[in-house]
Amino acid sequence: QWLSDRKKRALQKKDVDVRRRIELIQDFEMPTVSTKIKVSRDGQYIMAVGTYKPRIRCFDTYQLSQKFERCLDSEVVTFEILSDDYSKIVFLQCGRFVEFHSQHGHYYRTRIPKFGRDFSYHYPSCDLYFVGASSEVYRLNLEQGRFLNSLQTDASESNVCDINPVHFLFAMGTAEGKVECWDPRTRNRVGLLDCALSSVTADTEIDALPSISALKFDGALNMAVGTSTGQVLLYDLRSSNPLIVKDHYYGLPIKSIQFQHQLDLIISADSRIIKMWNKDTGKIFTSMEPEYDINDVCLYPNSGMLMTANEAPKMNIYYIPVLGPAPKWCSFLDNLTEELEENPESTVYDDYKFVTRKDLENLGLAHLIGSSLLRAYMHGFFMDIRLYHKAKMMANPFAYEEYRREKIRQKIEETRAQRVQLKKLPKVNKELALKLIEEEGEEQQVTRKRKQKNLPSLLKDDRFKVMFENPDFQVDEQSEEFRLLNPLVSKISEKRKRKLKILEELEAQEQEEEEEPEGKASDAESSESSDDEKGWVEEVRKQRKLLRQEEKVKRRERLKEDQQTLLKPQFFEIKEGEEFRSFRDSAKKQKLMKKTLGDRLKLEEKLGTLNVSDTTVGSKQATFKLKKSEQQKKQQEAEKLHRQERKTLRRSASHLKSKRGRGRLF
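With UniProt numbering, the residue at position 461 of the sequence shown is 461, and numbering never jumps.
Among the clues, some could well be false.
Computed spacing ranges between beta-carbons, pair by pair [to be verified]:
#1 E289 x R41: 26 to 36 Å
#2 E291 x D194: 32 to 42 Å
#3 I412 x R558: 57 to 67 Å
#4 Y400 x P426: 40 to 50 Å
#5 E289 x Q144: 43 to 53 Å
#6 F482 x D562: 21 to 31 Å
#7 D462 x I22: 14 to 24 Å
#8 S457 x S613: 54 to 64 Å
Cross-link-like lysine to any residue pairs, in silico, SDA-like; alpha carbons within 25 Å at most [claimed, not checked]:
#9 K114 x E176
#10 K620 x R650
#11 K88 x D154
#12 K465 x N429
#13 K353 x F398
#14 K36 x V200
#15 K328 x Q26
#16 K8 x D27
#17 K216 x D194
#18 K36 x P301
#19 K620 x L597
#20 K640 x R650
#21 K314 x Q26
#22 K427 x L458
#23 K427 x R405
#24 K328 x E311
#25 K114 x G145
#26 K8 x D236
#27 K390 x E414
#28 K38 x Y121
#29 K594 x E605
#30 K38 x M288
#31 K279 x A326
#32 K390 x R404
#33 K358 x L387
#34 K53 x K7
#35 K392 x F382
#36 K633 x L603
#37 K7 x Y352
#38 K38 x S4
#39 K216 x I163
#40 K36 x R109
Since the hints were made in silico from the structure, they are not lab data.
Only a predicted model underlies this, so the values are computations on that prediction, with no experimental measurement involved.
We put the CB at the ideal spot given by N, CA and C, even for glycine.
Required output: the full structure, derived from the provided sequences and hints.
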């Protein structure tokens, strides 16, 4: 913007992008601002309205130039093309005027009772539905040429409206954040959607009640609604809840909503950004942020071309090949984009240098901020390249030494790149990691031959990451289980240990600053021995012998330690209310607790405290005898003694009675 005309002309000679810039349609612009842009149904004419003075311009795509221009009495709020070409156009103007144009020019002009904001055309009945600063929806019949009875709504004001192209349902967005749906045949309201409540989510910050600012139907069942707070809601007409709520995060009213059917995208735009996102998942496809504020967006039918009306004279045209092919009238764009993809060229802005605030402080030019020598741009400044070079020479006189060191470092890195590439191994389980790397290499060779997909690596998998980081997961190769389960690991582990030593030595050499002459590559390791049954059995026997010898050595060492150690008396405290018998009872209890339930049941059966019997149904029945405590046992023993004493007393008494009886008889 701040370049002079002379600089711009010079830049056009140097800059490849400027020379490649294509002007598709000649003078595709407005004097000051463009507000609305639309394409006729036959695709031949592009019409745009703007100011100042209020006017409409029609561009012929077949001629790539302007067809005609007509000036109007007042600014256009919106317009609609009723025919396939430019022969029938309706304008809604800001002074409550509705103006009709035919092929030759101005045809008729009328007024509506209140200020209008949007209108839609109902093709089956030839009715125009006007909404605006009123609770009524005005209907103008173009066949009869008169106003019909208006529709009375519950809204105080209405902002936008649209008619479904399949079943011709009329929908209007109100200032209260609601969407009312009307049936034009019966002139009755058939549905009401509260979009203001649905648009508020946990992440949104809203200062006022959201009103409806954009509305668009897609097919028979889908409808997209844009709010004044920057949310886009996608509805299925059979449900009152939105399928997706997409937030632009700018807090600006949604100006336009378009549907792209080839990739199932929704193109929504506010005054700052155009977002393209998937209507099923809500995932962002891409976004564009033009230099000037956006007033309207128009998608050319069945193509990847996008046109915008801006707060600037120039109307932008974007071509995105992924969205679709170029239109017929500019099919050469496809060939140009293919050539640009094949031969990408990077351009450098030669006259100016971009510097950040930190760069200015390093150069000692921080005092120039705010002066004409620095142009603020994004997170830094543009400055003249000559001034930058002078300041750099003064601030850093040893630049040549730095350049020389950098070149030497690059040469050293080039020589290092020719060496054997080191594999970084983890700190824990290095041998296991080396084994996995070797197996991955073998699998990759097999998959290349068979043309299969590579499986994911365990070293890169987050689920097994702790196994190579936490030392608690270190594999103990000296354990008995490991040595018996892996009898042939000893030979392979020796080879891996050699490799580990070599890798550690190479890492140490890399860390050293001084360069050493590279040695010759070591010979490849010999192929692994065949896993025959005889060799396997011999290895198992050897491992078992070694384990027995180690156990004998450990026993001898324990005996020596036991002989050397002096036993000291240990004192134990007994709980209150318990009697101490012996250590054997506690040992027995501990042994019983360690046994399984089945073993304990068998013991109980032998002792007679448990009886297991089969029932008639086929199940089993178990009866238990509860164990008695020490006090209960003492009580039982005392009762037994008491009973025995009483029995002996009774017997002695009966014996004495019998003797007395016999004496009397004699």
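Inset, instruction - Quick one: which hint numbers does this structure break? Sort them smallest to largest. - result: 7, 10, 11, 14, 23, 24, 26, 27, 34, 38
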